[in-house]
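Visitor: Generate the whole structure from the sequences, applying the supplied hints.
Letter 162 of the sequence shown, counting from 1, is numbered 162 in the numbering used here, and no numbers are missing.
Do not take every clue at face value.
[What the hints assert, rightly or not] Calculated pairs, DMTMM-like style, for lysine to aspartate or glutamate (alpha carbon to alpha carbon, straight line, at most 20 Å): (1) Lys164 x Asp121; (2) Lys164 x Glu197; (3) Lys164 x Glu236; (4) Lys164 x Glu213; (5) Lys228 x Asp157; (6) Lys228 x Asp194; (7) Lys228 x Asp249; (8) Lys164 x Glu243; (9) Lys73 x Glu99.
[Claimed, not checked] Between beta-carbon pairs, the in silico distance windows are: (10) Arg116 x Pro89: 15 to 21 Å; (11) Glu118 x Glu72: 30 to 36 Å; (12) Asp227 x Asp95: 48 to 54 Å; (13) Arg281 x Gly237: 32 to 38 Å; (14) Arg205 x Glu99: 46 to 52 Å; (15) Arg201 x His257: 37 to 43 Å; (16) Pro89 x Trp274: 40 to 46 Å; (17) His257 x Phe15: 23 to 29 Å; (18) Val64 x Pro163: 23 to 29 Å; (19) Gly155 x Pro255: 19 to 25 Å; (20) Arg281 x Ala18: 51 to 57 Å; (21) Asn16 x Ser191: 45 to 51 Å; (22) Pro255 x Arg24: 52 to 58 Å.
Hints were generated in silico from the structure; no laboratory data involved.
We put the CB at the ideal spot given by N, CA and C, even for glycine.
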Amino acid sequence: MAESASSVVNPGRIFNVADLEDPRLDEYLRLSEAHLRMRTDVENGLYIAESTMVVRRALNAGHVPRSFLLAEKYLDQLTEEFARYPEVPIFVGDDRQLEDLVGFHLHRGAMASMNRPEPLDVGQVLQASSRVAVLEDIADHTNLGAILRSATGLGVDAVLLTPKCVDPWYRRSARVSMGTVFDLPWVRLDSWPDGLEILARHGFRTLAMELTEDAIPLDRLEIAAGDKVAMILGNEGRGVRAETLERVDDTVMIPMHREVSSLNVGAASAIAFWQLCSSPR
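Guide: Shown next, in the form of structure tokens:
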């Protein structure tokens with residue numbers, strides 16, 4: 001039987017959430033959407049992992065915690081993780097205190113403030129990849145999380161993000177991805193669509209998912225063994241940019257029925273990745 005947290009965690013590192021103005025809790029303060037628009041977590045080199053599953057997957061990926069925040073009833077869920085980081089403080093409170101602190105009901109177990117690892121090198125990532133997804137200006141964190149989960153589960157090797165794409169480690173994106181984002185290499189490009197040049201230098205054929213007159217139906221797409229392919233998915237509203245479409249090798253589309261023109265980018269990504277990753281490599 002696993003030992004309880006109270007028997008293996010040094011009580012001196014467990015702090016009760018008594019004062020919401022405690023500066024040690026600033027990283028968690030008011031995580032509602034309105035407040036987050038005022039924050040600069042990326043620049044400060046941190047992100048917030050939400051839910052016990054996401055916290056655990058982030059730690060298993062080698063990310064280093066700054067602190068943990070959870071209701072006391074969830075302490076036993078992360079006993080092993082607490083033991084791996086014996087100097088990291090653990091903040092506990094009751095449901096009302098935590099809701100007052102973060103701005104929403106915390107019902108998915110633990111949260112953690114995490115240090116952001118150093119960004120990966122795009123050249124090294126592309127050198128090791130043959131199936132890449134490029135996410136152009138995805139604006140919705142839920143969509144991004146769904147895309148990342150599909151990319152990880154269906155065999156995409158890496159993801160590239162354009163400068164205006166939302167953050168994969170934002171708490172909602174990571175939670176919707178079920179923490180799979182921590183298992184998937186991703187890099188944010190410095191510019192776009194100029195970033196297409198680095199894909200070309202690494203030998204990638206670029207495909208844009210867009211409804212154009214010359215779009216290839218996805219089920220007729222031919223990919224030869226040894227080909228390196230990058231699939232570009234566009235913004236939820238406008239789709240793939242016109243200047244991007246002018247520079248890609250081909251456009252592709254999912255054949256639809258009953259006068260439905262297209263799918264949500266999250267659903268479309270799963271179909272595209274299945275087709276892309278089931279082809280010979």
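Visitor: Determine which of the earlier numbered hints do not hold for this structure and return their numbers in increasing order.
Guide: 4 and 17
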